[in-house]
Amino acid sequence: MIHELRIYTCLPERLPALQQRFETATLAIWERLGIRSLGFWTTMVGSSSNDLTYLIEWRSLAEREQKWAEFIADPEWQEAKAKSEADGPIVANIVSSLLKPTRFYRGFSNLSE
Numbered sequence: 001m002i003h004e005l006r007i008y009t010c011l012p013e014r015l016p017a018l019q020q021r022f023e024t025a026t027l028a029i030w031e032r033l034g035i036r037s038l039g040f041w042t043t044m045v046g047s048s049s050n051d052l053t054y055l056i057e058w059r060s061l062a063e064r065e066q067k068w069a070e071f072i073a074d075p076e077w078q079e080a081k082a083k084s085e086a087d088g089p090i091v092a093n094i095v096s097s098l099l100k101p102t103r104f105y106r107g108f109s110n111l112s113e
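Take 1 as the starting number for the sequence shown in UniProt numbering and just add one per residue.
Just so you know, the hints here were simulated from the structure itself, not pulled from any lab data. Just to be clear, a hint being listed does not mean it is correct.
[To be verified] Now the in silico label distances, taken between C-beta atoms and shown as ranges: (1) Val45 / Ala73: 29 to 39 Å; (2) Phe104 / Gln78: 35 to 45 Å; (3) Ser48 / Gly88: 16 to 26 Å; (4) Val45 / Ile94: 34 to 44 Å; (5) Pro75 / Gly46: 16 to 26 Å; (6) Glu57 / Ile94: 31 to 41 Å; (7) Leu33 / Ser97: 14 to 24 Å.
[As the list claims (entries may be wrong)] Cross-link-like lysine to aspartate or glutamate pairs, in silico, EDC-like; alpha carbons within 20 Å at most: (8) Lys67 / Glu57; (9) Lys81 / Glu31; (10) Lys67 / Glu85; (11) Lys67 / Glu4; (12) Lys100 / Asp74.
Note that the coordinates shown come from a computational prediction; the quantities given were computed from them, not determined experimentally. Glycine residues also receive a C-beta, built at the ideal position from the N, C-alpha and C atoms.
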């Protein structure tokens, strides 16, 4: 498995619009396309309170390439993105890192809230 860590830094006061887009459109599209999200977080303490951070799980780089291309080209996604940005852009920057597990990785079941 490969995990993708994505951090979206929103423009000032636009984080709620990004969260709404994920809640009302993106996650349903991902489910339809078989994209597996593991969790979403906002920054409580750190360099930017305008960040949305999330993890996606991929079986391989090939799966990531194929499914992400399908997502970006999806007409429902393009419509949702355009609608959510009717009042202007939401995201100022996106950082994406592809992570591979260490030999001592035990999964997320040992994390507590």
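These are the hints, each one checked on the structure:
1. Val45 / Ala73: 29 to 39 Å: holds, 37 Å
2. Phe104 / Gln78: 35 to 45 Å: Since the Cβ atoms of Phe104 and Gln78 sit about 41 Å apart, the hinted range of 35 to 45 Å holds.
3. Ser48 / Gly88: 16 to 26 Å: holds, 19 Å
4. Val45 / Ile94: 34 to 44 Å: Taking Cβ atoms as reference, Val45 and Ile94 lie about 22 Å apart, which means the hint is violated.
5. Pro75 / Gly46: 16 to 26 Å: violated, 36 Å
6. Glu57 / Ile94: 31 to 41 Å: About 18 Å separates the Cβ atoms of Glu57 and Ile94, which means 31 to 41 Å is violated.
7. Leu33 / Ser97: 14 to 24 Å: holds, 21 Å
8. Lys67 / Glu57: Satisfied, since the Cα-Cα distance of roughly 12 Å is no more than 20 Å.
9. Lys81 / Glu31: holds, 17 Å
10. Lys67 / Glu85: violated, 23 Å
11. Lys67 / Glu4: Roughly 13 Å separates the two Cα atoms, so the pair holds.
12. Lys100 / Asp74: Violated, at roughly 28 Å.
This entry does not satisfy hints 4, 5, 6, 10, 12, going by the numbered hints stated previously.
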